[in-house]
Every structure is written in C-alpha cells, then in structure tokens.
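Engineer: Modelling step: build the complete structure from the supplied sequences, incorporating the hints.
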Amino acid sequence: MNNLIYAVLFALIMGGLYAALYYLNHKTPVPEGCENLKEECSGCSISSCANHPSQSKIEGE
Amino acid sequence: MAELFSLAITAILINNIILTKFFGMCPFLGVSKKTSSAVGMGVAVIFVIMGASIITYFLYHLVLVPLEITYMQLITFILVIASFVQFTEMFIKKFSPALYKSLGIYLPLITTNCAVLYVAQDNITQSYNFIEMLVNSFSVPFGFLMILYIFSCIRERLDLATTPNAWKGNPIALVTAALMALAFSGFAGLV
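Read top to bottom, the protein sequences are chains A and B. Counting with my numbering, you get residues 1 to 61 for the letters of the first sequence. Counting with my numbering, you get residues 62 to 252 for the letters of the second sequence.
Be careful, since some hints might not be right.
[Unchecked claim] Which bits of chain A does chain B cover? Going by a derived footprint, with three or more residues having C-beta under 8 Å, they are: (1) 8-16; (2) 21-27.
[Claimed, not checked] Quick list of in silico lysine-lysine cross-link-like pairs, DSSO-like style, CA-CA up to 30 Å: (3) Lys-27/A to Lys-82/B; (4) Lys-27/A to Lys-154/B; (5) Lys-155/B to Lys-229/B; (6) Lys-27/A to Lys-162/B; (7) Lys-229/B to Lys-154/B; (8) Lys-82/B to Lys-95/B.
The hints are simulated quantities; they were obtained by calculation from the structure and are not laboratory data. Note that the coordinates shown come from a computational prediction; the quantities given were computed from them, not determined experimentally. We treat Cβ as the ideally placed atom computed from N, Cα and C, and that holds for glycine.
Structural biologist: In structure tokens, the structure reads:
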C-alpha cells in the first residue's frame, strides 16, 4: 500500500516539475534575432514536434 | 579499460542506434539535408542524452529502488527527459543566445527522439556501473552524430546528382540509409 502512495506522490512531483519547467520555459523571452528559427522539416509525421510544418500553420491562424 | 573501449566501439559502430536499432529516424531524415544542421542536432543530442542519463541513473538507484517503485521507471524517465529538455532550452535562452541560435531549434525535436529514452533504459537494463553508464551515454549519441554527419554529406552530394523525379527526396535518402546499414553490418564481430 505504501508503495502505491509513494508511486502516486512521485508521479505527481515529476509531473509538477515538468509543468513548472514548461511554464517557465515558455515565459522566458526568446533572445533577439532568434524569433524565427524554424527548421524546414518534412522528414516524418510527428505533428506534435515544434519543427513540423503544421505547427507554423496553427501559429499563423 | 579494454572493456570500456569495447563498450564504446560496440555502441558507435556495431550496434549503431540508427542503423541497427532504427531509433531517432525522425531527425535522421528531417535534419540531414545540411551538414551544419546535422552537426548542430548531433551535438544537442549528445548533451541531452548525457544529462538525461546521469539524472535517470541516480534517480533510479537512489529513489526508485529504495522505495521499491521500479515499475515507475518508464514514466519517470519520460518525464525526466521532457523536463530536462525544457530546462536546457530555458537555460540557454537566458544565458547563451548564441548557443540558442545554433541549437535552440533542435531541442524540441529531441523531446520526440526515442534514442534518449532508449539510452536511459539501456543503462538500467544492462546494469552498468557509473563509469560504464557514462561511456555508453556518450558513445551512443556520438554514433548518432557520426551517422547523421556522414548521411548529411551524402545527401548534399545527392542534391547535385541526377535522380529520377520519383526517387528525389526521402525515397533516395531511405535507399542510401539502407546501403549504409548494410555497410555498417560489416562491423559485426569486430569486438
């Protein structure tokens, strides 16, 4: 039973850490001259990747 | 010492992560059109794999094993890698704009690179000690960088070659990758 509690607590801590870092990263301003650093990519179909062309379309809409 | 050298040669040449295990195929095809991009991506992968492997190694042995929650290994490693990439991106954005300019665009792509998770898992399943873990965590991404660089050089030359329209782009790249895998299979039995 204790193991299960530890596991849930640990998962929550790790998830919280990721959420906090994600928030802080997106809050940090991009350095000057680096605003449009998109790599042209047509290599795979992972549409969640920030370099995928579909992400630019979403931002543009 | 000989064992560490053997481990490094195996990771770089014999069991190359791209050509024998087919991990990291997305950056292999997507970021290999230019040599400069390939080197940037390779260096970023070395940095992230080394960092994520060290963190996951200690987390496994100092937290998951004592608490007897080793079944949380996979989810923990995924979250550590994703968090580490976010932290790295934030850190270089803040303190090194020049480095961000050269590596920043590759960092989001590394989050989806299963090679990072493979190395973290491999260090645990193979029961490596700390030094072996460090050697493996450097050698595997170094092999990735080496193949990515060679492949990008070939692709730059392929752009200048006469290729049938139907073979242009990814088809000829995949044929090239298959031939490279065949060539590297010759290293089997070296160690």
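Engineer: Each hint needs a verdict: does it hold in this structure or not?
Structural biologist: The hints, checked one at a time:
1. Coverage of a stretch by a chain is defined here by at least three residues with a beta carbon nearer than 8 Å to that chain's beta carbons; for the segment 8-16 of chain A and chain B the count is 4, and the condition holds.
2. With 4 residues carrying a beta carbon less than 8 Å from a beta carbon of chain B, the segment 21-27 of chain A meets the three-residue requirement, and the given coverage holds.
3. Distance restraint check for Lys-27/A and Lys-82/B: the Cα-Cα separation of roughly 37 Å exceeds the 30 Å cut-off, and the hinted pair is therefore not satisfied.
4. Restraint check for Lys-27/A and Lys-154/B: the C-alpha separation of about 11 Å stays at or below 30 Å, so the hint holds.
5. As the CA atoms of Lys-155/B and Lys-229/B are separated by approximately 40 Å, the hinted pair breaks the 30 Å bound.
6. Straight-line distance between C-alpha atoms of Lys-27/A and Lys-162/B comes to about 18 Å, which keeps the hinted pair within the 30 Å bound.
7. Distance restraint check for Lys-229/B and Lys-154/B: the Cα-Cα separation of roughly 37 Å exceeds the 30 Å cut-off, and the hinted pair is therefore not satisfied.
8. Restraint check for Lys-82/B and Lys-95/B: satisfied, since their Cα atoms lie roughly 24 Å apart, inside the 30 Å limit.
Hints 3, 5, 7 from the list above are not met by this structure, while the remaining hints are.
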